[in-house]
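Once you have looked at the hints, place chains B and C on chain A.
Here the protein sequences line up with chains A, B and C, keeping their order.
Residue numbers for the first sequence follow this note's numbering, so the first one is 294 and each next one is one higher.
Residue numbers for the second sequence follow this note's numbering, so the first one is 6 and each next one is one higher.
Residue numbers for the third sequence follow this note's numbering, so the first one is 200 and each next one is one higher.
Keep in mind that a hint or two might mislead.
Said to hold, decoys possible - Here are some chain A residues pointing at chain B (derived, C-beta under 8 Å):
id, residue
1, 601
2, 623
3, 657
Stated by the list, open to error - Think about it this way: if two alpha-carbon atoms lie no more than 35 Å apart in a straight line, the pair counts; the simulated DSBU-like pairs of lysine-lysine are:
id, chain 1, residue 1, chain 2, residue 2
4, A, 417, C, 310
5, B, 141, A, 647
6, C, 301, C, 351
7, B, 233, B, 196
8, B, 507, A, 464
9, C, 310, C, 342
10, C, 204, B, 326
11, C, 324, A, 464
12, B, 196, A, 676
13, C, 342, C, 309
14, B, 218, B, 137
15, C, 309, A, 529
16, A, 352, A, 432
17, A, 464, B, 137
18, C, 310, B, 186
19, B, 487, A, 471
20, B, 586, B, 487
21, C, 204, A, 598
22, C, 301, A, 417
23, A, 676, C, 342
24, A, 355, A, 403
25, B, 296, B, 257
What the hints assert, rightly or not - Covered stretches of chain A, going by a simulated chain B footprint (3 or more residues, C-beta under 8 Å):
id, segment
26, 391-402
27, 506-514
Note that these hints are calculated values from the structure, not bench results.
Quick reminder that beta carbons are idealized off the backbone N, C-alpha and C, glycines included.
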Amino acid sequence: MDTLNQKRIDLIFSNYTTSRYQVLERSLQRPPEDIINELMDAGLKGRGNVGFPTGMKWKFAKREESAEKYVICNANESETGTFKDREILERVPRKVLSGMAICGYCTGAKKGIIYLRYEYAYLKEQLQNELNIFHEHIKKFNLDFAIEIFLGGGSYVSGEESALIESMEGKRAEPRNKPPYPVISGLYGLPTVVNNVETFATAQVICAIGAEEFLKLGTVYSPGSKLFSISGDTIKPGIHELELGTTIEEVVNEFGDKNTKSVQVGGASGFCIPHRLFAETVIGYEGLTTGGSMIFFNNTRSMYKVLHEYLRFFAEESCGLCTPCRIGTQQLLLGIEAIKRGDRPAGYMDVLKKLALNMKTSAKCGLGQSVANPFISILENFKEEILY
Amino acid sequence: MEKTLINLTINNIPVSVQKGSTILDAAHKINMHIPTLCYHPDLKVAGNCRVCVVEVAGTKELITACSTAVTEGMIVTTNSYKVRTARKTIVELLLSEHNADCTKCYRNGNCELQWLASEYRIGDHVYHDLVKEEEKQPDSTSLCIIKDDSKCVRCQRCVRTCSDLQDVGTFSVINKGKKQKVSTFYGKPLKDVFCIDCGQCTSRCPTAALTEKPLYEEVWDALADTGKHVVIATTPAVRVAIGEELGFEYNKHSDSKIIAALRLLGFDSVVDSGYFHDIYIVELCTEFMLKMKQDNENAAKTILPYITSCSPGWVEFVSTKCPEIKPLLSQCKSPRLIFGSLIKTYYADKKALNPKDIITVSVTPCTAAKNESTQSMTGIADVDFSITTRELVRMIRQSGIDIQRLDAEDYEPLMCEHSGASVLTEVSGGTTEAVIRTLSELVTGNELDPKMLKIMPLRSEHGIKETVLTFSEVRTGWEFLKDQEIRFAAVNGSRHAMDFFKQLKENQKHYHFAEVMICQGGCIGGGGQPIPVSAELIKARASILYSLDEICGQQKAHENARLNAIYREFLTKTELKENQKILYY
Amino acid sequence: MSENKSLIQEFVRVHGCGRNNLLPLLQEIVHQENFLSEEAVQAVADTLQIPASEVYGTATFYNYLDTEARGKYVIRLCRNISCMMQSQAEIVSAISLFLKIKVGETTSDKKFSLLQANCLGWCHKAPAMMINNEVYTELTPQKAVQIIKEYKEK
Chain A
294 MDTLNQKRID
304 LIFSNYTTSR
314 YQVLERSLQR
324 PPEDIINELM
334 DAGLKGRGNV
344 GFPTGMKWKF
354 AKREESAEKY
364 VICNANESET
374 GTFKDREILE
384 RVPRKVLSGM
394 AICGYCTGAK
404 KGIIYLRYEY
414 AYLKEQLQNE
424 LNIFHEHIKK
434 FNLDFAIEIF
444 LGGGSYVSGE
454 ESALIESMEG
464 KRAEPRNKPP
474 YPVISGLYGL
484 PTVVNNVETF
494 ATAQVICAIG
504 AEEFLKLGTV
514 YSPGSKLFSI
524 SGDTIKPGIH
534 ELELGTTIEE
544 VVNEFGDKNT
554 KSVQVGGASG
564 FCIPHRLFAE
574 TVIGYEGLTT
584 GGSMIFFNNT
594 RSMYKVLHEY
604 LRFFAEESCG
614 LCTPCRIGTQ
624 QLLLGIEAIK
634 RGDRPAGYMD
644 VLKKLALNMK
654 TSAKCGLGQS
664 VANPFISILE
674 NFKEEILY
Chain B
6 MEKTLINLTI
16 NNIPVSVQKG
26 STILDAAHKI
36 NMHIPTLCYH
46 PDLKVAGNCR
56 VCVVEVAGTK
66 ELITACSTAV
76 TEGMIVTTNS
86 YKVRTARKTI
96 VELLLSEHNA
106 DCTKCYRNGN
116 CELQWLASEY
126 RIGDHVYHDL
136 VKEEEKQPDS
146 TSLCIIKDDS
156 KCVRCQRCVR
166 TCSDLQDVGT
176 FSVINKGKKQ
186 KVSTFYGKPL
196 KDVFCIDCGQ
206 CTSRCPTAAL
216 TEKPLYEEVW
226 DALADTGKHV
236 VIATTPAVRV
246 AIGEELGFEY
256 NKHSDSKIIA
266 ALRLLGFDSV
276 VDSGYFHDIY
286 IVELCTEFML
296 KMKQDNENAA
306 KTILPYITSC
316 SPGWVEFVST
326 KCPEIKPLLS
336 QCKSPRLIFG
346 SLIKTYYADK
356 KALNPKDIIT
366 VSVTPCTAAK
376 NESTQSMTGI
386 ADVDFSITTR
396 ELVRMIRQSG
406 IDIQRLDAED
416 YEPLMCEHSG
426 ASVLTEVSGG
436 TTEAVIRTLS
446 ELVTGNELDP
456 KMLKIMPLRS
466 EHGIKETVLT
476 FSEVRTGWEF
486 LKDQEIRFAA
496 VNGSRHAMDF
506 FKQLKENQKH
516 YHFAEVMICQ
526 GGCIGGGGQP
536 IPVSAELIKA
546 RASILYSLDE
556 ICGQQKAHEN
566 ARLNAIYREF
576 LTKTELKENQ
586 KILYY
Chain C
200 MSENKSLIQE
210 FVRVHGCGRN
220 NLLPLLQEIV
230 HQENFLSEEA
240 VQAVADTLQI
250 PASEVYGTAT
260 FYNYLDTEAR
270 GKYVIRLCRN
280 ISCMMQSQAE
290 IVSAISLFLK
300 IKVGETTSDK
310 KFSLLQANCL
320 GWCHKAPAMM
330 INNEVYTELT
340 PQKAVQIIKE
350 YKEK
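Here chain A stands alone, though its shape is the one from the complex:
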């Protein structure tokens, strides 16, 4: 494989300065099935933390017979260490709006909403100006599609698509029982496509360059490239677009500070990859979560403090609805503290491990289900640091 330096990818942020929504205009000349098939051929998967095939999602929504449908851009980016969506919205918003409009065109939705997290409220004015320009173009293209901005109230769990919809309906952002999924019954019970900011931008890119070109990058299971938010003990913090399928080792070689102990991939709800597994772990959908956050920890860092911080985060941000998550997150946090203090024996860690696994199988949404990811990966790879 070529070294990283030779494969600098730049699909998301390039070719923008003269954007007059040409890609959108072109796409509107194609039959919707054509576009959906292209996205499926390109193997585009959601760029949030879930990774559901985008083409399939749009297909399901298209199939539903309903006079009203919605397209929602999930800009609730709240996963620890993730900031790519903010940058996309700042630098290339028209790609996102195009992606949304193409989705509306394909599925029959006439209304789009950008669910913007409250912490990004400073972007609202800029985005509104972009929307004014967007609507002018839309009128010229004769597409019945309008986008508005909805400001979130501030909560991590609002990033879960059904919780997001609840929030938009003026309720607590608590995940719904599924099925039915939002594509069947979403906002106000109507078919709704919820996709991440980067997903819409990448959909636009695929419409621009074609599936074949996109497939030249990545692996069979993880085609293409994506943005990574890199922070922590790194010499190059920031947003970097990398080819999927790259090994962590290659990433660490370029971005690490020569002292990298572990990398947390996918934020607090992701996996912690220790040094010994760098070479054999690839970034992609083959088992890791790919919100795209990568936090580097060097040898001066305490993995106990890292795990402790993640558990504190979950215990606070859990919506509190379901038993395993509401209580389980608290118990995991108190548990590792007690073992550290010596109030509980090292064997108690097995109890906590079983708890985390049971949370994975029985929690109501991805938040509770993902706590086991960092817990078990940090525990198994840094046992001494957690216990003593």
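Chains B and C only, in chain A's frame:
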């Protein structure tokens, strides 16, 4: 109506259910038990507690049986290792968030968390105790309901009951994560928020997080006080339901055995509540007739519809939500207060007792009744203690009484008779039927047409029931009613009470008489009735009351011979003003 | 107090009474009054015909819909891992010392409140903080205190 059948297997047992059914429905059909906690047959599905998780082939994670619709060919396993470990973990987690002082707890022996824990024999504190010290102090500021956050399992049944079923909205879930809990507006104590004390939450709470405020210890104290003469009255709704918790089915001997049980408990006198319900019906009827006469004489003023006020939760509802209709409410005291008031006056007089030495205990299905206190003209409380069916059960259990084995006994002879109409007052629509029976005879002067003894529209399951009456023959002085439509409404549940009020705002003159009971199904569904509760159980209780009415020798309130005695001897002899205070506010 | 009533009336006149307007309406009130008072929440409940407890329960779910009184400028310091690794704790101490308040408290002149927040999305320029809607990154204890001094003079 979707008639498609879906075929699936649960633990390898095939079952077919209608499309749209949940896995839980399918399991019920084949008597396969899946434990639940946040699920309740009267309420919308939540899917929060995760106790009912099951394994479905092809799905990675476990799913909740209560909220997942069946699909063709679904393969469900309810007892795999994965399911059992998840369920056990969930119960252990719930216990870590619970103040498990079972031996002191009001719901010991009838607590759903206790039952779940005992299934897995969980007792050791596996996890850290999460109950905060301040939560162990329950909110006892309300006269009727106690809220104990340390026992809450966050099933949100109370929130769903109060908001969806009763449309009151006292409770809400607040905060998130580890701070999430069930609370009120700005966490204020119950006495400072809008709550109608209907207690529907207490009869649906799976634990002791919400209970009525028990007063039975005070009743025990009164019974032990040799200087006090304690008089008790239980209502029919109490007697037909009490067997649900004491383990017997109500039959024709139950009433008299319950009288015996009450005497064994130590009560000096057991009176027939039906006697007071009959007085209430007669007074209600005459007050209504007077109102109709006034309305006829002065059409400009709106004094109709005439609305009942015997449901204390309804009175609380009106006071906050729609005080403008307060002038329309009946001024007659509720049957409970009539009982208390007559015991302290008429009964005291007849028995040569000092009213100050009499304690009146009213057993009803009602939690709000604890808040219903008035004072008769002597400045003494009418009813000293209002206790619920559940509290009486506790007293009977504490005494080790087996009701089935007792010999039949009779009521206090002074107040021992009742009509079938009095029994009906505790079913929604029943007070209206009772009033119609007396009204018809008083207005027409003729004997009631037997067909009028069963007014089916008032026995339906609707929230607002209606019927219309017309009199072709009327007595002198009531000519204005001849051939006129008199429209009656019977409302149950506070959600329908709100709808009714909205109807009134649009067209106040539509109804002449309205009966409003704030509890689901009327008093038989009261907040103080045995737990568990369901629409089916309420229907069964109603059935018994209807049949008790049918077999009763006299079905009209005014036929009660003892009433004539009290009216002749006492109620019409005292000064009108005093009479007013005994029976009216 | 009638100020928030007229704000609510105006909002409803433009956007309608639907439940879906609850979050935007609450945000408007917070923007004007820094937090959601009991009177404001009751007024919203009465206008939108939602039980007051439910409006309160919805508001308390969200990190930026404070139901506790806050100062004119709410300082929120990101406390997540990337900011933690860049000595966020020192910045909290410095601000705390300067304003003489602890995390969660408000200055006696009601000008500043000090809170901690979860990931603000500026991990590559940690540590980061928000003061109301403005974002400040690459902080040092001195820089943070200087920014607050400027707010003090406003």
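Taking the hints in turn, this is what the structure says about them:
1. 601: 15 Å, violated
2. 623: 5 Å, holds
3. 657: Result: holds, 7 Å to nearest chain B Cβ.
4. 417(A) <-> 310(C): 25 Å, holds
5. 141(B) <-> 647(A): Between residue 141(B) and residue 647(A) the Cα gap is close to 30 Å, so the pair holds against 35 Å.
6. 301(C) <-> 351(C): Since the Cα atoms of residue 301(C) and residue 351(C) sit roughly 17 Å apart, the hinted pair holds (cutoff 35 Å).
7. 233(B) <-> 196(B): Between residue 233(B) and residue 196(B) the Cα gap is close to 31 Å, so the pair holds against 35 Å.
8. 507(B) <-> 464(A): 26 Å, holds
9. 310(C) <-> 342(C): 19 Å, holds
10. 204(C) <-> 326(B): 20 Å, holds
11. 324(C) <-> 464(A): 33 Å, holds
12. 196(B) <-> 676(A): Not satisfied, since the Cα-Cα distance of roughly 52 Å exceeds 35 Å.
13. 342(C) <-> 309(C): Judged against 35 Å, a Cα distance of about 22 Å means the pair holds.
14. 218(B) <-> 137(B): 23 Å, holds
15. 309(C) <-> 529(A): Distance ~41 Å between residue 309(C) and residue 529(A) Cα, so the pair is violated.
16. 352(A) <-> 432(A): Holds, at about 25 Å.
17. 464(A) <-> 137(B): 28 Å, holds
18. 310(C) <-> 186(B): Holds - the C-alpha atoms of residue 186(B) and residue 310(C) are around 31 Å apart, at most 35 Å.
19. 487(B) <-> 471(A): 60 Å, violated
20. 586(B) <-> 487(B): At roughly 33 Å apart (the allowed maximum being 35 Å), residue 487(B) and residue 586(B) satisfy the hint.
21. 204(C) <-> 598(A): 47 Å, violated
22. 301(C) <-> 417(A): Answer holds: residue 301(C) to residue 417(A) is near 31 Å, not above 35 Å.
23. 676(A) <-> 342(C): The hint is violated at about 38 Å.
24. 355(A) <-> 403(A): The given pair, whose Cα atoms are some 12 Å apart, holds under the 35 Å limit.
25. 296(B) <-> 257(B): This hinted pair is violated, its Cα atoms lying about 39 Å apart.
26. 391-402: violated (count 0)
27. 506-514: Per the Cβ count (0), the hint is violated.
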